[in-house]
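Please model the entire structure based on the sequences and the hints provided.
For the sequence shown, our numbering begins at 1 and goes up steadily by one.
No wet-lab data here; the hints were simulated from the structure.
Quick reminder that beta carbons are idealized off the backbone N, C-alpha and C, glycines included.
One or more of the hints may lead you astray.
Claimed, not checked - Capping the alpha-carbon separation at 25 Å, the derived lysine-lysine pairs in DSS-like fashion look like this:
1) Lys40 / Lys25
2) Lys11 / Lys24
3) Lys61 / Lys46
4) Lys61 / Lys49
5) Lys46 / Lys62
6) Lys25 / Lys11
7) Lys49 / Lys62
As the list claims (entries may be wrong) - DEER-style ranges, computed between Cβ atoms:
8) Gln43 / Val16: 31 to 37 Å
9) Lys17 / Ser56: 36 to 42 Å
10) Leu54 / His10: 57 to 63 Å
11) Ile8 / Glu36: 54 to 60 Å
12) Glu58 / Glu14: 56 to 62 Å
13) Ala50 / Leu20: 43 to 49 Å
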Amino acid sequence: METVTLEIIHKDLESVKRELMEIKKHMVDIDSIITEDDYKALQEYKIEKAEGKLTSHEELKKELGI
Numbered sequence: 001m002e003t004v005t006l007e008i009i010h011k012d013l014e015s016v017k018r019e020l021m022e023i024k025k026h027m028v029d030i031d032s033i034i035t036e037d038d039y040k041a042l043q044e045y046k047i048e049k050a051e052g053k054l055t056s057h058e059e060l061k062k063e064l065g066i
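Structure follows, in structure tokens:
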């Protein structure tokens, strides 16, 4: 059975840290991923905005008497 020394543990830990840093470099922020449905909704919003079909929050509150 191999004797585990602090030096071996330290080297292994440094190796794991390097691997983790490499993994982090290639990770994608899940919040930055847009689904096909999200993309379609965004396109629809842009069209409706350009056509003046949207109602602002303030206008809606006035209409509802809030």
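Discussion item. Check whether the Cα positions of Lys40 and Lys25 lie no farther apart than 25 Å.
Written reply: Roughly 30 Å between the alpha carbons, so the hint for Lys40 and Lys25 is violated.
Discussion item. The hint says 54 to 60 Å between Ile8 and Glu36; measuring C-beta to C-beta, is that right?
Written reply: violated, 49 Å
Item to complete: Determine whether the Cβ-Cβ distance between Gln43 and Val16 falls within the hinted range of 31 to 37 Å.
Response: violated, 44 Å
Worksheet item: Is Lys25 close enough to Lys11, meaning Cα to Cα at most 25 Å?
Response: With a Cα-Cα distance of about 21 Å, the restraint between Lys25 and Lys11 holds, given a limit of 25 Å.
Worksheet item: Taking 57 to 63 Å as the hint, is the beta-carbon distance of Leu54 and His10 inside that range?
Response: For Leu54 and His10 the Cβ distance comes to about 60 Å; the hint holds.
Worksheet item: Is 43 to 49 Å a correct range for the gap between the Cβ atoms of Ala50 and Leu20?
Response: Once the Cβ atoms are compared, 46 Å apart, the range 43 to 49 Å for Leu20 and Ala50 holds.
Worksheet entry | Distance restraint between Lys61 and Lys46, which requires alpha-carbon spacing of 25 Å or less | With a Cα-Cα distance of about 22 Å, the restraint between Lys61 and Lys46 holds, given a limit of 25 Å.
Discussion item. Range first: 36 to 42 Å. Now tell me if the beta carbons of Lys17 and Ser56 are that far apart.
Written reply: violated, 50 Å
Item to complete: Below or equal to 25 Å on CA atoms is what counts here, so check Lys46 against Lys62.
Response: Roughly 24 Å separates the two Cα atoms, so the pair holds.
Discussion item. Hinted pair, alpha-carbon criterion (25 Å max): Lys61, Lys49. Please report holds or violated.
Written reply: holds, 19 Å
Practice prompt. State, for the Cβ atoms of Glu58 and Glu14, whether the hinted interval 56 to 62 Å holds or is violated.
Written response: holds, 57 Å
Discussion item. Run the distance test for Lys11 versus Lys24: straight-line Cα separation, threshold 25 Å.
Written reply: It holds: about 20 Å lies between the C-alpha atoms, which stays within 25 Å.
The structure does not agree with the numbered hints 1, 8, 9, 11 stated previously, though it agrees with the rest.
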